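Starting from the given sequences, assemble the full structure and let the hints guide the process.
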Amino acid sequence: MDKKNYFLDEKPEKLTYGGVFRKIDDWARARSLWVVAYGTGCGSIELRPTFTSRFDAERLGMRMVGTPRQADVLIISGYLTVKTLKRVIRVYEQMQSPKYVVALGACPINGGMYYDSYNAINQLDLYLPVDVWITGCMPRPEAILAGFKRLQELIDSGRADGWKKYIENLDWYRENQRKIIKNWKMPNYNW
Amino acid sequence: MWSKIFYAFLTLLGGIAYGLLLGGISRKITARMQNRRGPTVWQNFIDLWKLFRKKTAVSHGVMFYLAPMFRLVGGAGTFLLVPIVIDSPYLSNFSFGGDLIVIMYFMVLGCLGMALGAAESGHPHAPIGVTRGLSQMAGYELPFVISVVVLMIADKTATVEGIVRAQQGGILHWHLFTHPFAAAAAFISLLGMMTSYPFQVVLAPQEIAVGPPTEYSSTFLSYMFSGRSVFAMAKYLLFMDLFLGGAGSLLEAFAKTFLVFLWPLFITNVFPRFRLEQSVRFFWTWPTFIGLVDLLRISLMR
Chain A
1 MDKKNYFLDE KPEKLTYGGV FRKIDDWARA RSLWVVAYGT GCGSIELRPT FTSRFDAERL
61 GMRMVGTPRQ ADVLIISGYL TVKTLKRVIR VYEQMQSPKY VVALGACPIN GGMYYDSYNA
121 INQLDLYLPV DVWITGCMPR PEAILAGFKR LQELIDSGRA DGWKKYIENL DWYRENQRKI
181 IKNWKMPNYN W
Chain B
1 MWSKIFYAFL TLLGGIAYGL LLGGISRKIT ARMQNRRGPT VWQNFIDLWK LFRKKTAVSH
61 GVMFYLAPMF RLVGGAGTFL LVPIVIDSPY LSNFSFGGDL IVIMYFMVLG CLGMALGAAE
121 SGHPHAPIGV TRGLSQMAGY ELPFVISVVV LMIADKTATV EGIVRAQQGG ILHWHLFTHP
181 FAAAAAFISL LGMMTSYPFQ VVLAPQEIAV GPPTEYSSTF LSYMFSGRSV FAMAKYLLFM
241 DLFLGGAGSL LEAFAKTFLV FLWPLFITNV FPRFRLEQSV RFFWTWPTFI GLVDLLRISL
301 MR
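Just so you know, the protein sequences line up as chains A and B, in that order. Each residue of the first sequence is one higher than the last, beginning at 1 in this note's numbering. Each residue of the second sequence is one higher than the last, beginning at 1 in this note's numbering.
The hints are simulated quantities; they were obtained by calculation from the structure and are not laboratory data. Treat each hint with caution, since some may be false.
[Said to hold, decoys possible] The calculated lysine to aspartate or glutamate pairs, modelled on EDC-like cross-linking and capped at a C-alpha distance of 16 angstroms, are: (1) Lys23/A / Asp156/A; (2) Lys55/B / Asp161/A; (3) Lys165/A / Glu175/A; (4) Lys55/B / Asp26/A; (5) Lys86/A / Asp125/A; (6) Lys149/A / Asp26/A.
Given the structure is predicted, the values throughout are model-derived calculations rather than measurements.
The structure is reproduced here in structure tokens:
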């Protein structure tokens, strides 16, 4: 079968957003956040209690899904190595718009305790648009739930537009990503 | 004729809505059994709207686009062939002579369409899920068909309506009580049809992501979502008609389908998962054996 068929190897045209249903859309999107079950660092250990019986994130309408195609939220849980960054970019671009990024912990903000590491990145929003930051090392499930409450507010008022910024400033993001990832052995655009 | 089509359309919408609501109730009950609060019972409607309005930028070929439609049409077709309220001109749907055999064919259609579409998506998890789904279908179809044949021989009819009419006159005339072995076989195979948990080998979360629909997103997934809920409704209604005596009013139909819905739900929450070969072996031994016993009994008694 034609391999090229699986990737859309061209820049996406500017996605329009809005219409008559925009209020209902935002309301529904805020109350049905599907999180891709992918942990990049130590923070993913805090996501398990968040999503199971003790803290029960499902009462906010959130659930874990096993594939980026069906997910709305990508959680960067903790430190991000260069090797993982490549996977994270692929996962993020395979998610369907509108999509949101939540960064957990100190590491994506300024490197945290890995600030001088040779293979961990220091500042996440050079490479991916982040909608909500949750500080702490590591943030407790209560903090994560508070962060998701904030994300819901942002979506509800139509201000969580990181995915739009990513498409508008794609060249800038690509430049930054290619500076870090030396062996770019993947399609140019993988949505 | 046109009014019948109009009412069939209305029942279809009602069926999707009630199926989504039952899905929400099942999420709530599961949450309470796990000592959680759980989402609202309307959560599935919110999910459906969100999925329907998301952008879609994936292209994998024609069959990839058609598969969710197959799923929806397979579900809707089965739903429209099963009479909901007997004797009602609006709610008996398009049942006709010999429809039970057509229904059994129609129930396979959605799975086959899904298999073709998932195979075209190119994701390695999809063919694994498809293989598992079709193998397991071969497993649960056997006891189900045996128990349906038992009912056909017992009532000397191949229509759902005829089988419902044979059960009128009180609870003890229900096939659940007059043919308990056939009912047991069919209700065990219902667990496989609903892929409730000991037999959840198709989607198999934590193992093969979500199996066949791994590559499906947004609007496609919303079609599959509604197709799945209307298909589930069709099965509940079919089991209500075959074993619980059908329904004389809409309220009775709601109550009895809710009873059928509770059976796989309570099983699914207390069991871990079989492997594929364990699942198929189970279906081909116990429920098949129970069904064959009843088939032998009904053939000797005639």
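Would the hint linking Lys86/A and Asp125/A be met if the CA-CA limit is 16 angstroms? holds, 14 angstroms
Restraint status (C-alpha distance of Lys165/A to Glu175/A at most 16 angstroms): Within the cut-off at roughly 15 angstroms; holds.
Would the pair Lys23/A and Asp156/A pass a check requiring their Cα atoms to be no farther apart than 16 angstroms? holds, 8 angstroms
Against the 16 angstroms threshold, does the CA-CA distance of Lys55/B and Asp26/A hold or violate the hint? holds, 14 angstroms
Taking only the CA atoms, is the gap from Lys55/B to Asp161/A under or equal to 16 angstroms? holds, 14 angstroms
With a cut-off of 16 angstroms on the C-alpha distance, tell me whether Lys149/A and Asp26/A pass. Between Lys149/A and Asp26/A the Cα gap is close to 14 angstroms, so the pair holds against 16 angstroms.
In this structure, every one of the numbered hints holds.
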